[in-house]
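A.B. asks: Now for the letters of each chain:
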Amino acid sequence: MHIDKQPVTFMFLAVLAILVGTLITTFIPLFVGTVIPSTEKVIPYKPLEVEGRDIYIREGCNNCHSQTVRPLPFETARYGPPSTLEESAIDRPHLWGSKRTGPDLARVGRKYPAAWHYLHMKNPQSMYPQSNMPPYAWLADNRLDVSTTEKKMKVLGYPYAPDDIKGLAERTEMDALVAYLLRLGREVPQ
Amino acid sequence: MATETSYDYDAIKGFAISSLFWGIVGLLVGILISIQLVYPQFNLTSWLTYGRLRPVHTNALIYGFTVPAAFSLFFFLVQRLGRTPLAFPGLAKFTLYLFNIAIVLAALSLFAGMSQSKEYSELEWPLDIGVVILWVLFSINIIGTIMKRKEEQMYVSLWYILATVVGVAVVYIGNNISIPVSLFKSYSAYAGANDANVQWWFGHNAVAFVFTTIPLAVFYYILPKSSGAPLYSHRLSIVGFWSLVFAYLWTGAHHLIYTPLPDWIQTVAIAFSIFLIAPSWASVINGYGTLGGQWQQMRSNYLVKFIILGITFYGLQTLQGPSQAVRAFSALIHYTDWVPGHVHMGTMGWVTMTLSAGFYYMLPRVYNTEIYSVKLANLHFWLVLVGQLIYSVTMWVTGIRQGAMWQAMDQDGSLVYSNFIQTLTPNYPFWNLRTLGGVIFFAGFLVFVYNIAQTIRRAPAAQRA
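Line by line, the protein sequences are chains R and U.
Per the numbering used here, the first sequence starts with residue 1, numbered consecutively.
Per the numbering used here, the second sequence starts with residue 1, numbered consecutively.
These aren't lab readings, by the way, just hints derived from the structure by calculation.
Just to be clear, a hint being listed does not mean it is correct.
Pairs of lysine to any residue residues, derived as SDA-like cross-links and limited to a Cα-Cα distance of at most 20 Å, are as follows [claimed, not checked]: (1) R:K154 with U:V181; (2) R:K5 with U:H234; (3) R:K154 with U:P180; (4) U:K93 with U:A462; (5) R:K99 with U:Q320; (6) R:K99 with U:F430; (7) R:K46 with R:T172; (8) U:K93 with U:V136.
Just a few of them, taken from the derived set where beta-carbon distance is under 10 Å, the chain U residues facing chain R [stated by the list, open to error]: (9) Y50; (10) I143; (11) S178; (12) S182; (13) A193; (14) V198; (15) W201; (16) T425.
Note that the coordinates shown come from a computational prediction; the quantities given were computed from them, not determined experimentally.
Quick reminder that beta carbons are idealized off the backbone N, C-alpha and C, glycines included.
Start from the sequences and build out the full structure, keeping to the hints where you can.
C.D. replies: And the structure:
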């Protein structure tokens with residue numbers, strides 16, 4: 001057999017080679033097995049938290065903060081109980097992250113009150129003079145864009161009441177982001 | 001044998017110049033974000049914060065530098081190795097214009113914070129469609145030219161080119177399936193652990209089909225051509241190719257060690273990561289074997305120097321990567337600066353050195369001239385080598401340092417460095433050294449671009465268009 005003389009056959013075989021590992025480790029887990037946890041106990045995001053999460057994504061917070069506590073002693077001592085499949089089960093996209101220039105945030109909602117976050121987001125260096133986190137004071141000046149909030153809730157499939165969305169136009173991007181951060185670690189009732 | 005003039009070089013030139021331009025942009029952003037990590041006051045406006053610029057840096061160097069370099073070099077390789085002109089030269093030029101428009105829009109959208117957040121897959125859905133269209137147009141030319149080749153047997157480089165064509169298409173489309181909310185916003189079709197699993201299946205195979213098969217296609221062509229020595233082993237290249245394209249797709253979950261992703265997927269990924277040493281080193285051994293006995297060329301032939309150092313860093317990279325996949329080592333270095341140190345040995349060492357050798361070999365030929373200055377090419381070599389080593393080594397050192405501080409516990413089980421910032425600030429001196437490494441590397445890149453620009457300037461007028 002001279003497949004290096006037949007480009008079409010060659011490409012066909014290359015695709016087959018690529019698809020074996022893809023099917024077994026990536027495609028099949030989408031539909032069967034333990035990668036699909038029960039979402040019964042997961043508390044769906046509220047509209048303000050969805051908007052906050054989208055600001056987290058827009059500002060690329062995931063470039064410096066992970067959201068997965070590993071089941072290792074030094075890790076749970078620092079951040080809290082290990083992350084479970086359940087708590088990110090409704091997250092689109094996931095925000096597990098890959099780098100901790102700053103600390104993991106999977107449990108940050110249990111750690112600080114809202115007022116702490118407002119001060120820290122505005123000027124991180126006022127609390128930690130040597131912190132390298134960029135200040136995000138301008139988020140407090142930006143009114144939340146709610147033009148697509150309802151559509152987002154529908155696409156994501158989270159339940160909501162029209163009243164939940166009504167008051168949001170009065171809130172700032174900072175309000176939304178802090179509401180999201182306060183939720184982290186409280187997705188599933190303990 | 002076809003004459004030189006029957007080949008079509010226009011798009012090759014355009015993609016090469018585009019690649020160098022976006023390379024400069026991507027490296028400049030890299031230096032800025034490196035400075036920002038120590039001096040947060042350099043986060044000047046919302047558009048210039050680290051969180052938005054880091055994707056600009058990675059996307060500019062993947063899609064703005066490496067991909068058009070591949071378009072350029074692959075359009076050259078398929079013509080030369082098939083001894084036939086490009087199938088659709090007009091389409092290739094159209095692809096070039098569309099590419100540059102797409103990259104400008106991509107950069108602007110990332111500056112504005114339009115992001116899917118998944119690493120190297122940040123671009124929102126309209127741009128994803130643009131990328132797929134570009135890839136299809138590129139593939140039509142590659143496959144079309146290979147189909148009408150006059151040389152019956154396809155050389156190794158063409159295998160890697162075909163693998164790149166199909167591999168990028170599969171993983172890019174697979175990871176970017178999403179549900180739009182508006183023109184600028186979409187949500188992933190996958191949720192939670194599945195989204196993470198698909199993302200790193202993509203992420204690691206972006207490494208496979210952009211940072212591995214692209215430079216390998218160039219490597220297998222340039223090394224025998226520039227050294228004058230025939231390829232060491234054809235059989236080894238066959239075994240290496242098929243085991244590489246088979247094994248890579250299983251390994252993505254090594255990015256998710258100790259996450260909630262089910263253990264079996266992690267373990268399978270670790271096993272295949274270790275297996276990958278074999279096909280990777282098949283190419284390394286083929287490289288060393290090809291040069292076998294002619295090591296004096298490392299002094300006399302600057303192309304050989306680039307390509308052999310490049311494959312050496314590939315060899316180191318493919319030993320370090322699998323070791324990082326092992327649970328015990330992952331626990332120490334994951335989430336630390338070790339990982340960017342690893343990535344940058346691959347990109348600054350292996351990928352850039354190999355693509356540079358490709359340009360140094362190809363561009364004088366397509367412009368029908370000689371390289372402007374071998375001396376400058378040597379200067380370029382030493383600057384990028386030293387810059388990369390400073391970058392990688394400082395990141396490994398501080399990565400292990402920070403990982404160890406995160407792990408440090410007293411006898412009573414309490415953390416020695418309980419406040420995160422205690423483990424962060426010791427990074428700063430290393431990060432300043434990293435900036436220095438980046439600046440030296442950038443200086444080397446500028447020497448490279450200057451050398452190429454002068455080469456083009458001295459080309460016969462008819463070739464310069």
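A.B. asks: Against this structure, judge whether each hint is valid.
C.D. replies: Now for the hints, and whether the structure bears them out:
Our distance criterion of 20 Å between C-alpha atoms is met by K154 of chain R and V181 of chain U, whose separation comes to about 9 Å. Distance hint between K5 of chain R and H234 of chain U is fulfilled; the C-alpha atoms sit about 14 Å from each other, no more than 20 Å. Taking the CA atoms of K154 of chain R and P180 of chain U, the gap is near 11 Å; set against the 20 Å cutoff, the hint holds. With a C-alpha separation of about 18 Å, the suggested pairing of K93 of chain U with A462 of chain U holds against the 20 Å cut-off.
In summary, the hint linking K99 of chain R to Q320 of chain U is supported, as the alpha carbons are separated by about 18 Å, within the 20 Å threshold. As the CA atoms of K99 of chain R and F430 of chain U are separated by approximately 17 Å, the hinted pair is consistent with the 20 Å bound. Straight-line distance between C-alpha atoms of K46 of chain R and T172 of chain R comes to about 15 Å, which keeps the hinted pair within the 20 Å bound. Between K93 of chain U and V136 of chain U the CA atoms are separated by roughly 14 Å; this keeps the pair inside 20 Å, and the hint holds.
Restraint check, Y50 of chain U versus chain R: the minimum CB separation of about 6 Å is within 10 Å; hint holds. With its C-beta approaching chain R no nearer than about 7 Å, I143 of chain U sits inside the 10 Å limit, and its interface hint holds. For the restraint placing S178 of chain U at the interface with chain R, the shortest Cβ-Cβ distance is roughly 8 Å, inside the 10 Å limit, so the hint holds. At a threshold of 10 Å, the smallest CB-CB gap from S182 of chain U to chain R is about 5 Å, leaving the interface hint in force.
Interface restraint check for A193 of chain U: the shortest CB-CB distance to chain R comes to about 5 Å, inside 10 Å, so the restraint holds. For V198 of chain U, the suggested interface contact is upheld, since its CB lies about 6 Å from the closest CB of chain R, less than 10 Å. The criterion of a C-beta within 10 Å of any C-beta in chain R is met by W201 of chain U, whose closest approach is roughly 4 Å, and the hint holds. For T425 of chain U, the suggested interface contact is upheld, since its CB lies about 5 Å from the closest CB of chain R, less than 10 Å.
Going through the hint list in order, the structure satisfies each hint without exception.
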